[in-house]
Amino acid sequence: MSLLDDLAVEAGDDDVVAGVPARLVAAPASTSEAAELVAAARGLSVVIRGGGTKLQQGPPPRELDLIIDTGRLTGVVEHAAGDLITVVRAGTPMAELHRLPGQQLALDAPPGATAGGTVAANGSGPRRLRYGTARDLLIGITVVRPDGRVTRAGGKVVKNVAGYDLGKLYTGSLGTLGLITECVFRLHPVPVAALFVRAVAPPSAAGSVLAAQFAPSALEINAEPGAELEIAVLLEGTPTGVQDRARALATLLDGEVTGEPPPWWDTPPWPSGGLALKLTATLSRVSALVDAALEAGLTIRGSAGAGVLYAGGPAPDHPVAATVETLRGTAAAAGGHAVVLAVPDGMRDGIDMWGPVPGIELMRRVKEQFDPDHRFAPGRFVGGI
Amino acid sequence: MSVIDALAARLRSELGSDQVITDRQRLRTYECDGLTHYRVVPALVVLPHSSAEAALTVRACAEARVPFVARGSGTGLSGGALPHADGVLIVTSQLRSIVSLDPADERATVQPGVINLQVSEAVRDFGYYYAPDPSSQQICSIGGNVAENSGGAHCLKYGFTTNHVTGIEMVTPDGDLVRLGGAAPDTPGYDLLGAFVGSEGTLGIATEVTVRLTRLPETVRTLLAAFHSTDQAGAATSAIIAAGVIPAAIEMMDALSIEAAESAVHCGYPAGAGAVLVVELDGPLAEVQAQFDEVTRLCAEHGSFETRVAADDTERALIWRGRKSAFAAVGRISPDYIVQDGVIPRTALPEVLRRINEVAASHGVRVANVFHAGDGNLHPLVLFDDTVPGESGRAETVSGAILDLCIEFGGSITGEHGVGVDKARYMPRMFTDDDLETMQLLRCAFDPLSLANPGKVFPTPRLCGERPGRRQGAHPLQEAGVAEVF
Chain G
206 MSLLDDLAVE AGDDDVVAGV PARLVAAPAS TSEAAELVAA ARGLSVVIRG GGTKLQQGPP
266 PRELDLIIDT GRLTGVVEHA AGDLITVVRA GTPMAELHRL PGQQLALDAP PGATAGGTVA
326 ANGSGPRRLR YGTARDLLIG ITVVRPDGRV TRAGGKVVKN VAGYDLGKLY TGSLGTLGLI
386 TECVFRLHPV PVAALFVRAV APPSAAGSVL AAQFAPSALE INAEPGAELE IAVLLEGTPT
446 GVQDRARALA TLLDGEVTGE PPPWWDTPPW PSGGLALKLT ATLSRVSALV DAALEAGLTI
506 RGSAGAGVLY AGGPAPDHPV AATVETLRGT AAAAGGHAVV LAVPDGMRDG IDMWGPVPGI
566 ELMRRVKEQF DPDHRFAPGR FVGGI
Chain W
4 MSVIDALAAR LRSELGSDQV ITDRQRLRTY ECDGLTHYRV VPALVVLPHS SAEAALTVRA
64 CAEARVPFVA RGSGTGLSGG ALPHADGVLI VTSQLRSIVS LDPADERATV QPGVINLQVS
124 EAVRDFGYYY APDPSSQQIC SIGGNVAENS GGAHCLKYGF TTNHVTGIEM VTPDGDLVRL
184 GGAAPDTPGY DLLGAFVGSE GTLGIATEVT VRLTRLPETV RTLLAAFHST DQAGAATSAI
244 IAAGVIPAAI EMMDALSIEA AESAVHCGYP AGAGAVLVVE LDGPLAEVQA QFDEVTRLCA
304 EHGSFETRVA ADDTERALIW RGRKSAFAAV GRISPDYIVQ DGVIPRTALP EVLRRINEVA
364 ASHGVRVANV FHAGDGNLHP LVLFDDTVPG ESGRAETVSG AILDLCIEFG GSITGEHGVG
424 VDKARYMPRM FTDDDLETMQ LLRCAFDPLS LANPGKVFPT PRLCGERPGR RQGAHPLQEA
484 GVAEVF
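Just so you know, the sequences run in chain order G and W.
Under my numbering, the first residue of the first sequence is numbered 206, with each subsequent residue one higher.
Under my numbering, the first residue of the second sequence is numbered 4, with each subsequent residue one higher.
Mixed in with the good hints there might be a few duds.
[To be verified] Calculated pairs, EDC-like style, for lysine to aspartate or glutamate (alpha carbon to alpha carbon, straight line, at most 20 Å):
{"id": "1", "chain 1": "G", "residue 1": "Lys361", "chain 2": "W", "residue 2": "Glu354"}
{"id": "2", "chain 1": "G", "residue 1": "Lys483", "chain 2": "G", "residue 2": "Glu500"}
{"id": "3", "chain 1": "W", "residue 1": "Lys160", "chain 2": "G", "residue 2": "Asp341"}
{"id": "4", "chain 1": "G", "residue 1": "Lys361", "chain 2": "W", "residue 2": "Asp407"}
{"id": "5", "chain 1": "G", "residue 1": "Lys361", "chain 2": "W", "residue 2": "Asp436"}
{"id": "6", "chain 1": "G", "residue 1": "Lys483", "chain 2": "G", "residue 2": "Asp496"}
{"id": "7", "chain 1": "G", "residue 1": "Lys361", "chain 2": "W", "residue 2": "Glu411"}
{"id": "8", "chain 1": "G", "residue 1": "Lys483", "chain 2": "G", "residue 2": "Glu530"}
{"id": "9", "chain 1": "G", "residue 1": "Lys361", "chain 2": "W", "residue 2": "Asp437"}
{"id": "10", "chain 1": "G", "residue 1": "Lys483", "chain 2": "G", "residue 2": "Asp313"}
{"id": "11", "chain 1": "G", "residue 1": "Lys361", "chain 2": "G", "residue 2": "Asp341"}
{"id": "12", "chain 1": "G", "residue 1": "Lys483", "chain 2": "G", "residue 2": "Asp550"}
{"id": "13", "chain 1": "W", "residue 1": "Lys160", "chain 2": "W", "residue 2": "Glu221"}
{"id": "14", "chain 1": "G", "residue 1": "Lys483", "chain 2": "G", "residue 2": "Glu429"}
{"id": "15", "chain 1": "W", "residue 1": "Lys160", "chain 2": "W", "residue 2": "Asp296"}
[Said to hold, decoys possible] Partial selection, computed: residues in chain W whose CB lies under 10 Å from chain G:
{"id": "16", "residue": "Ser153"}
{"id": "17", "residue": "His420"}
{"id": "18", "residue": "Thr435"}
No lab work stands behind these hints: they were computed from the structure.
Just so it is clear, CB atoms sit at the ideal spot from N, CA and C, and this is done for glycine as well.
Please model the entire structure based on the sequences and the hints provided.
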């Protein structure tokens, strides 16, 4: 009996990835067990599942035999507070890492998201403006390769240039290169004070905030068709420092200082089953994205400080391909990209969810090296990888 | 006609003869980088004037199966730009244009031969700068910074080159020009840019680099604190971090390096100090003031007997001059020295320093310690006199033992200088065979013929042949959407 027979159970009704039902589900409890499982699963197509928060996004897998669930790969292995780092198993909920004693993994994630899933999907939120994203905060990683071998890259120190930075390659690779079982993150101190400044303002106001000396930790905008455009800024630091800056910023924007973020902060602008896109642009062209999304009848919100926004809405009564094409054109002209995260049921035909990607030929060669049999999340990634 | 002669002839006709160097005397100019004890005269040197010329040079190398090595300003300290005796050295010094400055987008795009400091100078009037600041920033090139993922004193707060490069144009080892990343963040697909930065020229050559510009801080405050011992200074460093303060930089020097700096640049550090800390805070005024008070208090609490605050830019420059001159200054107190570069968890600092001193004493070798204390990046300077028989060997032994200590304490064999040719043999001490083999998978994807800077980073070459195992899954044409299977 292989470990596959021991661990794998028949898939249930909920074991579905972007509409494709799995045959089996297995949840290994350690890196070595995961390695044994992956080795035993040779010949099966595999999708990795963390908290499942992004499992219904993106193109469906071409085939799906086995879901490997990281639900038993949990727990903080080490929190070296003096060194501002933590070692965690991949299935550890991000919520746990947001409230380590006195410190935090400063990477926003939706409820239920796991550390490994957030890295694999390159999830981020408003605070990316100050703290960066998974690629900036991940300093070490353990991965079970599709051939079952356990490999590590990086380490436990922030400053480290020994060998290739494979952590960055795995970040955002959506489970197509292997199974992440452990992550090492850089941590930040929890700021003593934090305040929000909210205002009704045009997207160009973001530019004046960035050009001044407010040192914002997040700079978000929200635009809904027919409503006034809102801007919200998170300021962090010492109590006096934050108050001074918040007051000055509220004056600049003619806004108000609050202790709480607006209700739309770090929430997706689409309902379940709706149309969902991620749009990027250079900072000076964020307003072009906003205009295009509103024109298409979509709500758009996200980081005007980083140039990463999300647009979406309920399922429209017309085909979405034209909308996607328009937004993709706007994003490209703005130096960015438009990625379709979710399409309403029945509207997927003819939609290239990832869109054109520079360097795709090199990416295919990377996939070929890591997963020559194309078993890991086949078809879920860019260019059909 | 030899392969190299044929290649030289081809490149002369395609680029022009003044860009192709074959004269032995002129080739010798390029025989080493900043790590001067490794010397190899390249077979050929090529100086492209454009991305297209860089690409056709690499293509010519690929077609002739001749290895190539890229070189920027040649300031590297791990022999990463050490030439290949039978290969081409591609020097990027003529690729020195600033392509665009877009402060409103917080971006600048430059050619790889542009000097690090020139980027900051070009955007200072807009209120921005380029944050990574290796101590060689007046002469090192952006392309070299990308290859080495260069750090600097201020990366404690601001991160390394990899955190500040958003896009590149590169020549693949096949000779194709490819763009990775872009001006906007989160380009879809694998983060090949992230893997490329720090790959030490083994995945190709960057021909254009888009960097993130950082807003100049509202205020900067620099503090020099003198301690009786490195233990005290290390404890103060830990206390500052534990208090939730992340300074722009925390640098430490021990007594021997202070002595060297003093004799070289007369920086006027407090007499009798067993260690000094240079702490720099930057950001909004009120934040910096609050943190500054905290840092001053913590230094005093941990035994600092004298602190100085830079009142203006001139005084700040004086404080930094001692630190920045330390490497060269050691030449004043020792005829020869090895600059080591290792990383340890910050909290292990006092113990590792004690162990370094023990190792040094047992071999009768002096070690001066200069380091980025905030992130545990040690730069021990191992002193020796090459004219004394046996001394260089003992210095090598101590230098290697320091790397072993870094690994023992869970750190790294290099924090910013890179692996290059110098530390390839230490890689198996830090990584397993499987770890190294996995890195080679990436290399094989980019460079199946192993022509890009061979012999660097990895201790043993790997052939990128067909991997065993039957093929399964979609045909590439099907994946590409070119063909469908019915």
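For each hint, the structure was consulted:
no.: 1; hint: G:Lys361 - W:Glu354; verdict: 18 Å, holds
no.: 2; hint: G:Lys483 - G:Glu500; verdict: 16 Å, holds
no.: 3; hint: W:Lys160 - G:Asp341; verdict: 12 Å, holds
no.: 4; hint: G:Lys361 - W:Asp407; verdict: 16 Å, holds
no.: 5; hint: G:Lys361 - W:Asp436; verdict: 19 Å, holds
no.: 6; hint: G:Lys483 - G:Asp496; verdict: 15 Å, holds
no.: 7; hint: G:Lys361 - W:Glu411; verdict: 12 Å, holds
no.: 8; hint: G:Lys483 - G:Glu530; verdict: 13 Å, holds
no.: 9; hint: G:Lys361 - W:Asp437; verdict: 18 Å, holds
no.: 10; hint: G:Lys483 - G:Asp313; verdict: 16 Å, holds
no.: 11; hint: G:Lys361 - G:Asp341; verdict: 14 Å, holds
no.: 12; hint: G:Lys483 - G:Asp550; verdict: 18 Å, holds
no.: 13; hint: W:Lys160 - W:Glu221; verdict: 15 Å, holds
no.: 14; hint: G:Lys483 - G:Glu429; verdict: 16 Å, holds
no.: 15; hint: W:Lys160 - W:Asp296; verdict: 19 Å, holds
no.: 16; hint: Ser153; verdict: 9 Å, holds
no.: 17; hint: His420; verdict: 8 Å, holds
no.: 18; hint: Thr435; verdict: 7 Å, holds
Violation of the numbered hints given earlier is absent; every hint is satisfied by the structure.
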